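Engineer: Construct all of the structure, not just a fragment, from the sequences and the given hints.
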Amino acid sequence: MYLNDRNCFNTLWLYFLMLSAILMVMLLLFPACSKPAKEQAECKRPKIIMPIKSRMQTADTAKKTNDKKPLIQEKHELHPAPVQQIIIPEINEESTVPPKSNHAAKEVKLKTPKNADLRKKSGVYQTITGDTLFTIAGKNEIYGNDIKWPSLYRLNKHKLTRLDNLNNLPQLKLPPGLSLNFITPEKAAENLRNLNDHLQAINVLSAKTDKKIIPEAIRLMNNGYLVYITNIMISGKKWFRLRVGFFRDHEHANLEIEKISRIINDKNIWVSAVTESEREQFAGY
Numbered sequence: 598m599y600l601n602d603r604n605c606f607n608t609l610w611l612y613f614l615m616l617s618a619i620l621m622v623m624l625l626l627f628p629a630c631s632k633p634a635k636e637q638a639e640c641k642r643p644k645i646i647m648p649i650k651s652r653m654q655t656a657d658t659a660k661k662t663n664d665k666k667p668l669i670q671e672k673h674e675l676h677p678a679p680v681q682q683i684i685i686p687e688i689n690e691e692s693t694v695p696p697k698s699n700h701a702a703k704e705v706k707l708k709t710p711k712n713a714d715l716r717k718k719s720g721v722y723q724t725i726t727g728d729t730l731f732t733i734a735g736k737n738e739i740y741g742n743d744i745k746w747p748s749l750y751r752l753n754k755h756k757l758t759r760l761d762n763l764n765n766l767p768q769l770k771l772p773p774g775l776s777l778n779f780i781t782p783e784k785a786a787e788n789l790r791n792l793n794d795h796l797q798a799i800n801v802l803s804a805k806t807d808k809k810i811i812p813e814a815i816r817l818m819n820n821g822y823l824v825y826i827t828n829i830m831i832s833g834k835k836w837f838r839l840r841v842g843f844f845r846d847h848e849h850a851n852l853e854i855e856k857i858s859r860i861i862n863d864k865n866i867w868v869s870a871v872t873e874s875e876r877e878q879f880a881g882y
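Start counting the sequence shown at 598; every next residue gets the next number (my numbering).
Treat the hints with caution; some may be incorrect.
[Stated by the list, open to error] Across the chosen pairs, the derived CB separations fall in these ranges:
1) N820 - P773: 29 to 35 Å
2) T726 - S858: 39 to 45 Å
3) R845 - T726: 39 to 45 Å
4) P782 - N762: 29 to 35 Å
5) P812 - E855: 17 to 23 Å
6) H849 - N762: 34 to 40 Å
7) K808 - E877: 36 to 42 Å
8) N820 - E877: 24 to 30 Å
9) E855 - N737: 36 to 42 Å
10) W867 - P773: 41 to 47 Å
11) N851 - N737: 35 to 41 Å
12) D863 - L775: 30 to 36 Å
13) A870 - P773: 41 to 47 Å
14) K835 - T872: 14 to 20 Å
Treat the hints as calculated values from the structure; they're not laboratory data. Bear in mind the structure is a predicted one, so any value in this text is a computation, not a measurement. C-beta: ideal position from N, C-alpha, C; glycine also.
Structural biologist: Below is the structure:
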C-alpha cells in the first residue's frame, strides 16, 4: 500500500515538472504574449482618423472659389497696345544718321561740310552711284578740277585697271563703295616744295579733244610716268595738251624723250619750259 502511494506521487511530480518545463519554453519563445492585455494595447500603433468634411462645407468652399475666379481673370486680362505707325525718312547720301524732324534734317545738312573736311584730311574717297574720275576730281573736297583725273588713276590704278573700256576711263561710271586714294592739300604742298626748281616738262601730245589723249595718258602712267593735262586756247579754240613732268633742267628731260617715244610710238615730242602758275597747279599732284 505504501509503495503504491509513493509511485503515484512520483508520477504526479514528474508530470508537474514536465508542465513547468513546457510553460518555461513557451514563456521564452513568446515573450510578447506573456505581457498583460493592457500593455499589449499600449504597444499597438494608434490609428489616425482624418476628419471628413461635410457636404455642406465642401459646397460652400466651391462656391467661394467660383466667386473668386472672375476677379482673378479680370485682374490678368490683357488689352493690346495701340500700334504706332513709324515713318522712316529718306537718308542723305552724305549722312549716316536719319533725320527725325525738320530740326534733325538741318543738323544733318550742317554735318556734310564736316564729313568733307574729314575726307579731305584722310585722303580717301568712297565712291557713290554715278561717280566717275571726272566728277570725283572736280569735287571741291578732292581737287576742285576735273582735268586732274590722272592723279586719281595713278594712285589707284591697281583697282581701276580691272575695269573695261580704259580708253574712256574718266567718263566711265565707277562701282559704288570703291575706296580711292587722293592727294591731300598738305601732301600736295609737300610735293610742290620738293619740285621747287623743276620747271621743265615734256610735251607729249596736243589735240582738240581728249579722246586721243586719254589712252596715251593711261599708257604712260602704267609705265610709271607722272602725267598731267592742261588746256590752252589757240585761235579762240580749246586744245588739250598731254605733258610729262617735272624735270630740273632740259638735260634731264631729254633723257626721257626716247623712252616716251617708244611707249606711245610717236617721235613728235619735245621739251618745254613751264610757267610758275602751271607748276603750282599740277606739280603737287
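Engineer: Output the indices of the hints that this structure fails to meet, ascending.
Structural biologist: When the structure is compared with the hints, only number 7 turns out to be violated.
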